[in-house]
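Participant: Sequence:
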Amino acid sequence: MSTPDRDHNRAGVEAAMRGDLGAAEQAFRRALQQAPNNPGVFLNLTRLLQMQKRHRELIQLFETSFSKRDPAILPDPLKCMLAQSAFRIYDYRLVIRLLKDLETSQLQRPDVSLPLSEAYLRAGKLSDAKTLLQQALLANPNDPSLITNLAIVQMEQGDYEAAETLYQRVIQQHPQQFLGHYNLGRFFQTLGRVDEARQAFLVCQQLVPHAPEAKKALQELDASSQHGASATLNPLEACYAAIESQHWQLASDRLKQHRNKIDHIRWTAAICELPSKWQAEFGDPAGFSPTHLVQTSQLFDQHDVVLKTLVEEIRTLDSLVWNRAGKPTRDGFQTHEMLAGSQTACVLTLNKTLKMALDGYLSKQLSLPIPLEPDPESISGWAVILKQGGYQKRHIHPEAKISGVLYLCVDKITSSDDCPDGNLMFSTPSPLKITPKAGRVVLFPSFLPHETIPQTSASEERICIAFNFS
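Per the numbering used here, the sequence shown starts with residue 166, numbered consecutively.
Among the clues, some could well be false.
Unchecked claim - Restraint ranges, calculated between C-beta atoms of paired labels, are given here: (1) 356 x 457: 47 to 53 angstroms; (2) 448 x 541: 25 to 31 angstroms; (3) 421 x 242: 26 to 32 angstroms; (4) 541 x 203: 31 to 37 angstroms; (5) 421 x 249: 40 to 46 angstroms; (6) 305 x 525: 30 to 36 angstroms; (7) 541 x 376: 32 to 38 angstroms; (8) 602 x 413: 34 to 40 angstroms; (9) 468 x 635: 31 to 37 angstroms; (10) 563 x 199: 47 to 53 angstroms; (11) 307 x 375: 24 to 30 angstroms.
If you are wondering where the hints come from, they were derived from the structure by calculation, not from laboratory data.
Idealized CB from N, CA, C, for every residue including glycine.
Modelling step: build the complete structure from the supplied sequences, incorporating the hints.
Facilitator: Listed below in structure tokens is the structure:
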């Protein structure tokens, strides 16, 4: 016997087959109104919205229609499709919620275990990712993507020897695969093993002679080892070569010349290195000045239980690694991702508070040299514990738009306004120092170069969470 929802669903299918997606969507939505708990109807609407890359809209619809229900009763194809859209909008918690309870046979399939392991990885759940990948490799021992993901997990946990063994395993099993040699080269590069990295990238060139990735990687190695001639430098390196020699006219000319060859964040970061006279050629010098762009506020009381709880949670993370490879932390510990996808009550509270702080920062409508419109849902973050003498090298956050740091625990000497030790330093021609204090948050555009002054006088730890909005 026909029912209204079945009639609408059938009409939607017929419209979709004709290519009339608008009519199909209207029909599916009417069917869903008639039968709001019908997963078959929702599956059809999911396919339609995914075809149009309307991922956020789809997840919002799911949250209002099905999120209260036990995911176990949803069809596996629907869970997998929803997980794909959730991944696209950085909702790693939902990816994990949808996929983690699939049957073991499903979890061992690479098309399921790979996205789930990546969600675990991005959510900072390294032990879960490791267990999942090890189980998946029992059924798929030669899958290079599974092996590579496990290598990434081992590296994030600080077990570089195990990670290298896995990268080499990919090479041994797939010696003609470009990506395996490239990943091995990047691994060696991160560890500072330049000669081995160069050899891996040369193999990449042999396998794919005109691959731009291998060419760029070799140029980076040449530049870092100071053996490359200026003629071989990429556009960004050419700009910095002029900046480092203080040839301001040449630096300005090169920045203008290569404007469309360098991403916005790195290009603007290079302008921040120029004296204000030369910055004026690219806009209002205030738009490159830390004094104008950096905002601080007391986000939590220094004795707030949230800060203490966060410190306790950080100390239990299995990704807390001493002098993490490829990162700017020196004489200190740094974690992998700990904000995106976390489900602890404390981190959820922190994420909500940081998003509010971001809204406040953006509401000031600062004069920015480039448009920055970060997605509040893209928050990511990691913890840093600096010991006595610890510091962070000068760096930017090229993968983000707005960055920040929240201080959780600070030594009395470090928190003193009279002592520069442990200060956050925006090291540009117009420098700015920020004194860390427990509960204080600092927000700034991700293109601003910054570093930490070594806390040589402090005897206690300086603990903070750095974060990005992309």
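Participant: Hint by hint, work out which the structure violates, then give me just those numbers in ascending order.
Facilitator: 1, 3, 6
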